[in-house]
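As they're listed, the protein sequences go chains D and P. Start counting the first sequence at -11; every next residue gets the next number (the working numbering). Start counting the second sequence at 351; every next residue gets the next number (the working numbering).
No lab work stands behind these hints, which were simulated from the structure alone. Be a bit skeptical, because a hint or two may be false.
[Said to hold, decoys possible] Straight-line Cα separation of at most 27 angstroms, DSS-like style, residue types lysine-lysine; simulated pairs:
hint: 1; chain 1: D; residue 1: K223; chain 2: D; residue 2: K252
hint: 2; chain 1: P; residue 1: K476; chain 2: D; residue 2: K252
hint: 3; chain 1: D; residue 1: K98; chain 2: D; residue 2: K114
hint: 4; chain 1: P; residue 1: K476; chain 2: D; residue 2: K345
hint: 5; chain 1: D; residue 1: K379; chain 2: D; residue 2: K345
hint: 6; chain 1: D; residue 1: K379; chain 2: D; residue 2: K114
[Unchecked claim] To spell it out: a stretch of chain D is covered by chain P in this simulated footprint if at least three of its residues, at any positions, have a beta carbon under 8 angstroms from a beta carbon of chain P; those stretches are:
hint: 7; segment: 163 to 177
hint: 8; segment: 233 to 241
hint: 9; segment: 274 to 283
hint: 10; segment: 410 to 423
Beta carbons: idealized from backbone N, C-alpha and C, even for Gly.
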Amino acid sequence: MASSWSLIKRSRTLIHHKKKLAFLGIGSAPTFSSSSSSPFMKRPCAASAPYINNHFRFLRRFESTKAEAAQLELQHYVTDDDDNNQVIDFPGGKVAFTSEMRFISESIQKRVPCYRVLDDNGMPMKYSNYVQISKEMAVKMYSDMVTLQTMDSIFYEVQRQGRISFYLTSMGEEAVNIASAAALSFDDVILPQYREPGVLLWRGFTLQQFVDQLFGNTSDLGKGRQMPIHYGSNKHNYFTVSSPIATQLPQAVGAAYSLKIDGKSACAVTYCGDGGTSEGDFHAGLNFAAVMDAPVIFICRNNGWAISTPVEEQFRSDGVVVKGQAYGIWSIRVDGNDALAVYSAVHTAREIAIKEKRPVLIEALTYRVGHHSTSDDSTKYRPIDEIEYWKMERNPVNRFKRWVERNGWWSDHNESELRSSVRKQLMQAIQVAEKAQKPPLSDLFNDVYDRLPSNLEEQERILREIVKKHPEDYPSDVPL
Amino acid sequence: MATLFQGVGAVTPFSASSSLDSNKLLLPSRKSLSISDSRGSIFVYRSDALNLKAATRKQDLLIPNAVATKGETSTSAKSGHELLLFEALHEGLEEEMERDPRVCVMGEDVGHYGGSYKVTKGLAEKYGDLRVLDTPIAENSFTGMGIGAAMTGLRPIVEGMNMGFLLLAFNQISNNCGMLHYTSGGQFTIPIVIRGPGGVGRQLGAEHSQRLESYFQSIPGIQMVACSTPYNAKGLMKAAIRSENPVILFEHVLLYNLKERIPDEEYVLSLEEAEMVRPGEHITILTYSRMRYHVMQAAKTLVNKGYDPEVIDIRSLKPFDLYTIGCSVKKTHRVLIVEECMRTGGIGASLTAAITENFHDYLDAPIVCLSSQDVPTPYAGTLEEWTVVQPAQIVSAVEQLCQ
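Put together the whole structure using the sequences plus the hints.
Given below as structure tokens:
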């Protein structure tokens, strides 16, 4: 019998696990190299209790990061079967000796398995367990996925027609967008990368508001200051998109820290892509979240490509999920094209984050069907038939549609009605936005600071003088 | 009561319509200045330089005696309390943390260690681990964390152990801190304060002797201030915390042990104002942070030689207080800038440009800017001394300008 755990402070959840582990006979000799036992326990009931990796053992010392009185302190006494009977104290805790020099392999033999609920045809898999959703929820999720898909295709075309300057689609990632948003509450603070407009759509951002931002007109909440797709709305708790990759990850830790101080029952949720995990901010953000016990959910959309860099050239680890453990964070790998799996994982992760005040990493495996953006032609670096395959056979929207239809909650009639209605609304919104005024000249100088300082006042004055002198050079649709 | 301070509560707006009438500067009687100067620039009491912890080399006998009026000793010397600059920062910080529960501090070793320069000493015990947060060593990340917390409603103070380390946070400061209020259309404010010691110290090596104000000055959306005395350190710290804009507060490694008597009453200084250290007639000397003390030492020599320099501590590095500076230039017609930044691209370079653009007609001579050479700061003490502008150079520059 290898390990026994003793709890210093009580926690309902951990006692539960201890019993569960004992019941399931877990407690094999901890080895370093392979994950021979299955990392995830399946339990018959849909869950609020988290899935854990039983190779987790660590000694936590709470010197300056005591977050709440109910924090756990585990002490893990390891007595092993082989010749490592000796345990020694180092800064960081007790660690067992071994006389065998064994290097930890760079990767485990088997990749971390991927949690999925529906198969490719939208049929729930055998023994699948997931968080149930109601008909209303399912229908809203599906409608929003269709809306997102339609938005993407229409706006892409609008950019190609030269009516907006830039666009980037989320094609192929509709399930990650909508299902993750659906599993969260409106109090949860979202810090997106840039491929998550679906989250904002779910929260009630109107099509008109999306279009206004793309056209940068006077109704845009951002007042025309950012590129298209850099949405932001504090009313919807969706932080304004900032172009540099992964800068939002440490900011999410800060937002979560703020929520924790306020005692709110909410978490911060932040997204990044596979490419973003190479940035320094990713590593520091995860490390901070773990050390600070911050309630953050890191959702990594591993869509296989970072512009033209495939994942094989981005990292050599087994994807992103294994990096979580390196920082002491619970992680899970999920089929990102399976809306129900994403929903269940995010729903559960949220409970873990809030109740236990800890971060969670979710790697959603998916595929970027579209080009990186309108400035990219991905056929230059990947085969067209690969793109087609993911677009048709592995389409997340169709997959979820089959499940919803099978439950009798959706019909072809609903489908055609929805698609034509969304299309019409979009066209109308585009027309309105195109004709709308652009933000006035004063908005060039406002909001740099809370009040206009003298140097900016002077610069505005100079600019206005120039405009007055050369009105023919000044665009006619920008009010003064 | 000679000393007045103002700006309690509201930060005075940027506009140049201040109550100080420029005519008053021309009055011969300096006493009237001290009483009626309602813009809050207080005249500094003697700071005892012998309390500097550093080695007693010739440099240390700087008497940063920024006495404003000739012969007038501090009239209210018995009220108030004496403390060192880092204690003044600590006091300002603690008062703000007491006043507003959203104020929090994050940085390396700020919690139980009390901060590398003891500015946050005792705060973790008083306010708890969450409000005084020790972070892992990742400047970009804890600055990012501060930005995220600020956008969600807190008022964080990010401490860089040395300003030079904040170069690692440049991405977050430039791309997000300065920009997000603007790009979000005003929806998210970032009331963050980023502070730390910078400047050339005593043989700290090139990487720890950076003058970050020159790198940061171009970033739109941030404000920069530099403190130089315990009085303005406390006032600027409080003002920075209360400001809705992101503020970078530059402290200097060698000034932490300056002692001064500061008022007991609460006061907040304006972030956009310069400080009149010594009024004069012949030449305007603009300076900030540690160079203020070199200038004042040179001023003693100059006074003995018969010159009457006007010394202004510009304090606000972004934006410049062109009103005070302009009034001074219109009076003296000669400008000398003394700074610690490198010659290329430093604060002095921008200030020269700003003054030339705005007050060209009032200048009788080209602006002279004394700054450090464009070299990394060497470790050897003697070499290091020569990268920093010395009082002797200031004296000869004034003599040359006033010919």
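Going down the list of hints, with the structure as the test:
1. D:K223 / D:K252: Satisfied, since the Cα-Cα distance of roughly 17 angstroms is no more than 27 angstroms.
2. P:K476 / D:K252: holds, 23 angstroms
3. D:K98 / D:K114: At roughly 22 angstroms apart (the allowed maximum being 27 angstroms), K114 (chain D) and K98 (chain D) satisfy the hint.
4. P:K476 / D:K345: holds, 23 angstroms
5. D:K379 / D:K345: violated, 38 angstroms
6. D:K379 / D:K114: Holds: K379 (chain D) and K114 (chain D) sit about 26 angstroms apart, inside 27 angstroms.
7. 163 to 177: violated (count 1)
8. 233 to 241: Contact hint for the segment 233 to 241 of chain D vs chain P: holds, 7 residues under 8 angstroms.
9. 274 to 283: holds (count 4)
10. 410 to 423: violated (count 0)
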